[in-house]
Amino acid sequence: MATDRSSPVELRINGSAHEVDVDARLPLLWVLRDELGLTGTKYGCGIGQCGACTVLMNGEPVRSCQVPLSAVTGEITTIEGLGSPDALHPVQASWIEHQVAQCGYCQSGQIVSACALIAMHPSPTDADIDAAMSGVLCRCGSYGRIRAAIKTAAARLNAAMTTADR
Amino acid sequence: MQRRSFIIGSVAVAGGVLIGGVRLLRPLDNPLDDILSDGEVALTPYVIIDGGGVSVITPRAEMGQGIHSTLAALVAEELDMELGDLRVIPGPPSSVYANEVLYPPTTSRREILRERLNALRGSPDRTPQLTGGQTSIRDGYVKMRKAGAAARSMLVEAAARERGVSAALLRTQGGAVIFPDGSSIPYTRLAAGAAKIAPPEDPPLKPRDQWTVLGKSQPRVDMVGKCTGTAHYAIDTRLPGMLYGIVRRNPRLGGSLRGFDATAARQMTGVHDVIALENGIIVVASNTWFAMQAAREVEVEWGPAPYPDSSAEHRAALVDAIRDGSGRRWRDDGDVDRALADVAVIEGSYHVPYLAHATMEPLNAVAWLRDDQLDIWAGNQNPTSTQYVGAQLTGLPLEAVRVHTTYMGGGFGRRLEMDFVASAVRAARAIPGLPILVTWPREEDVTHDAYRPLASAAFRASISDGRPTALDLTVCSPGLQESGRHRSELDFDRADRRQVWTFSGAMGAFDQPYRIPNYRVTTANAPRLLPVGFWRSVGESQNVFFTESILDELAHVDGVDPLAMRLSLLDHAPSRAVLEAVAEMSDWGGDLPAGSARGLAYARSSDAATAQVLQVTLVDGKIRIDRSCAVVDVGVALDPRNIEAQVMSSAIWGLCAATHGEITISDGSVDQSNFHDYLVMRMRQAPKVDVRIHESGGAIYGVGESATATAAPALGNAIFALTGRRIRELPFRNSIPFV
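Same order as they appear, the protein sequences are chains A and B.
Taking the working numbering, the leading residue of the first sequence gets 1, the next gets one more, and so forth.
Taking the working numbering, the leading residue of the second sequence gets 167, the next gets one more, and so forth.
In case anyone wonders, no lab produced these hints; they're calculated from the structure.
Please note that a few of the clues may not be correct.
As the list claims (entries may be wrong) - Covered by chain A, according to a simulated footprint, are these stretches of chain B (three or more residues, beta-carbon under 8 angstroms): (1) 230 to 244; (2) 402 to 411; (3) 514 to 528; (4) 574 to 583; (5) 839 to 852.
Ideal Cβ placement from N, Cα and C applies to all residues, glycine included.
Could you put together the complete structure from these sequences and hints?
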C-alpha cells in the first residue's frame with residue numbers, strides 16, 4: 001500500500017477544532033481512537049456490521065469505521081460530545097435511569113444511534129426503533145431496556161420541547 | 167492499578183485472623199502492598215479507607231454482570247453506607263481473592279469442580295481468582311459482608327476510644343460513627359485509630375430484615391461511565407509512546423507458521439515492526455488500522471491443521487465415539503436395559519455445532535516491559551493466570567508483573583483464556599520499553615476462539631401412563647480441559663498429571679433431579695478436535711437442550727402435558743415452584759391466537775432451579791419469537807433489577823445460539839469471520855423477556871447463565887407445538903427460517 005499523506009486537515013469534533021496530519025484513508029474510527037484519544041467510540045467489527053463505532057456526522061449516524069478521513073465533512077459528534085458524567089445528555093440520563101448497560105461496550109453506538117433516531121422521530125414507534133437500532137449489536141441482550149430508555153428519553157424531550165414552545 | 171493515597175486500611179487481619187471462615191492476610195502477604203507508597207497502610211484485602219473515602223476491593227472482575235456493584239453493596243450494607251458513596255477497585259492478582267466456590271478445600275463434588283477448571287488456573291501453586299460459572303455471589307455473599315462488618319466494628323471501637331465512651335452506645339450511618347449526643351466522626355477520620363485495633367474474629371452480620379442496601383435495586387457503579395464513553399476497557403488504554411499491534415495467525419488453529427516475508431509490509435505507512443510467533447505474526451504500527459493493513463500484506467506460509475479438515479468429519483468423530491460405547495457413566499438408576507427391553511422405545515439423536523463467544527470488545531491487551539517490570543492491562547476473568555502468563559513469557563518473577571484488570575466488553579468465558587494476554591506480552595518482549603496495545607481484529611477473534619464444543623447425543627426412552635419409565639442418554643463432546651492443556655504453551659505440569667476429565671461435558675445431562683426410575687447418563691470419549699473452552703453455561707448449553715427436548719418428545723408421544731409430566735417427576739421444591747410460576751406467567755395451557763404456540767424447558771443450572779416458556783408465532787412462514795417468560799431461583803435476591811438484567815441477557819444469549827449460532831470448518835479453517843456470517847440476534851429479532859425472581863431462601867445462587875440453558879429447548883419445543891416438526895439440531899435456522 002502506497003502512502004497517501006495529505007496535508008493536515010482540521011476536523012470539527014464535539015464543538016472543538018482538531019488538526020490531524022495522517023493518511024487520508026485512515027477511517028474516522030481510528031482517527032478518533034488512536035490519533036486523538038477519543039476512546040468512547042468503539043471498534044467492534046471494522047466492516048460496518050455491529051454499529052459500535054457509530055458517531056454523528058452533521059447529525060446523521062454514520063459507521064465511523066467506514067468513513068475515511070478524506071470523506072469527513074462538517075461537525076462530528078461522538079459519545080463524549082453528547083454529555084459528560086456531570087452534564088448528561090437526556091438520552092444518557094434515560095439510559096442510566098433504565099440501567100441499560102451491562103458490559104457496556106456497545107452502548108456508545110446505541111446511545112448515539114438513539115439520539116439520531118429521536119431527532120428524526122420525536123415519538124418513535126416500536127417499528128421505528130427496530131429500524132433505527134437493529135444495526136447496533138448487543139451481545140449482552142440489553143435490547144429490551146434500550147427500547148424502554150428510548151421511549152422515556154423521547155417522551156421527556158418532547159415534554160421539554162412542548163414547555164419551551166409555550 | 168494506579169497508585170493511590172491510602173492513609174490506612176481497615177479490617178485489620180494481622181496474624182491471619184479468621185474472618186468469615188477464610189484465613190485472610192498477614193500484613194506481609196497483603197496484595198495491596200505493592201500499590202502503596204511509603205507510609206501508606208492497607209491491612210485488608212477488601213476495605214480501604216483513605217482521606218477521600220471508603221474503597222472496596224472487589225475480588226471478581228466486571229464483564230457486564232454487575233458484580234462490582236453487588237459485591238460492593240454487601241460491604242456497604244454492613245458499613246451502613248450507600249453503595250454510591252463507595253469507590254470500587256478490582257482486586258490485583260492474589261490467592262487471597264481466590265474463588266472458593268470453584269476451588270474449595272474438600273469434598274468430592276467440589277473436587278470435581280476444582281478439576282473442571284484446573285487447566286485454566288495458570289500457576290499450579292496459586293488458587294485462581296477466577297470470575298465465572300455463576301460463582302461470584304456464592305463466593306462473596308458471606309465473605310464481603312464479614313469484611314464490611316469487621317471494618318465497621320473497628321471504626322466504632324476507634325470512635326469509642328477517641329471519646330472515651332462505650333462502643334455499645336454508638337451507631338453508624340452515612341459513613342460516620344454517631345454518638346448518643348448526635349455528634350459524629352466520619353470514617354475517614356477514624357481510620358488511623360481503627361488500624362491499631364485488633365479485628366473481630368467473627369463479626370456478627372446484620373439480619374436480613376435490617377437490610378437497607380441489599381434486597382433493593384441499586385444504580386450500578388459502572389453505569390454512568392458506560393453511558394458516557396468514559397468507562398475504561400483494556401482497548402481504551404492510552405499511554406505515552408504507545409504502539410498498536412495486530413495479530414494474524416494460521417487460520418488452521420494450532421497450525422504452525424512455516425515462514426513469512428514482511429518486506430512489503432515493513433515499507434507501509436506507520437509500520438514499526440513485524441514480530442514472528444510460533445503460529446503467526448504480530449504487526450506493530452503507529453495505529454491499529456495501519457497495523458491491520460500491513461498484516462494483510464505479509465506473505466505467509468502456514469502449516470496444516472492438527473485436526474480433520476471439515477465439520478462433517480468432526481461430527482462423524484462424535485457419532486463414532488457414541489457408537490463405540492466406551493466412556494464414563496455419570497448416573498445409572500434402576501435397570502435401563504431391562505426397562506427398554508420389551509416396550510415401545512423412542513429413540514433418536516441430537517447435535518449442536520461449535521459456537522464462538524464473539525464478545526463485543528474484540529480480544530486485546532496492553533503490555534509494557536521496562537526495567538525488569540511488566541505491566542499488563544487486560545479485561546480478564548483471571549488475574550492470577552494473567553500474572554502467571556506475564557511471568558512465564560518474560561522470565562520475570564510473579565511480583566514483577568502488575569496486572570490491571572479493566573472492565574471487559576463481554577467475557578462469557580472467553581476471557582478465561584490467556585491467548586490474548588500472551589500476544590501482548592510477546593509484543594512487549596520484542597519491543598521492550600514501549601507500551602503496546604495488541605488487538606485481535608474481529609476476524610481473528612471469530613476464527614481463533616476456544617469454541618463451545620460441538621456435541622452430539624443419542625437416546626433411547628420410554629413412557630407409560632404419562633410418566634417416563636426409562637431414559638438412556640449418551641452425550642459426547644470434546645473435553646475442555648483436554649483441549650486447554652494441549653493448546654497452552656505454558657506450564658500446566660500439575661494439570662498434566664491428572665487424567666482426562668469429562669465433567670464439563672456431563673454438566674446439565676446427569677445432574678437434573680428428575681425421578682425417572684431407569685435413568686442412565688453416559689459421556690462418550692470424544693477425540694480432541696478444534697480448540698474448545700468455557701462458554702456461558704458450559705455443558706448445560708448443549709445438554710439441557712438434549713434432555714429437555716427429549717422429555718418434550720416423550721410427553722407428546724404419550725399425549726401428556728409437558729408441564730404436568732415434569733411436575734410428576736420432580737419433588738425438589740424450588741424446581742416445582744419455578745415451574746408453577748412460569749406456568750402462571752406464561753398462561754401455560756391458555757388460549758393463543760392461531761399461528762402461535764408455547765414451549766417449556768426446565769433446568770437446574772449450577773444448582774439453581776430455572777424454567778422458561780417461549781411463545782412463538784408463524785409470520786409469513788417464518789418463526790418470530792414473541793416473548794420469553796423466565797423464572798429463576800436465586801435463593802436470596804440481592805439486587806432485583808440487576809438479576810432481571812442477567813436473566814434477560816442469558817435468555818437472549820441462549821436464543822442467539824439456538825436460532826443462528828454456528829461455527830463450521832472447511833479445509834481446516836473456520837468458515838465464519840465476522841458479524842456478517844457469525845449471526846447474532848438484533849433488536850428487531852429479540853423477544854421481550856419477562857422475568858420472575860424466586861427466592862427459595864436458603865443458599866444463594868448466581869444468575870449469569872440462568873436462562874441460557876433453557877432457551878434452546880424451550881424454543882425447539884415451541885416450534886414443535888407450532889409446526890409438528892421436531893428439530894434435533896442447532897441452529898434452528900438451518901431447518902426453519904426466522905424473522
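Hints and how they fare:
no.: 1; hint: 230 to 244; result: holds (count 3)
no.: 2; hint: 402 to 411; result: holds (count 3)
no.: 3; hint: 514 to 528; result: holds (count 5)
no.: 4; hint: 574 to 583; result: holds (count 5)
no.: 5; hint: 839 to 852; result: holds (count 10)
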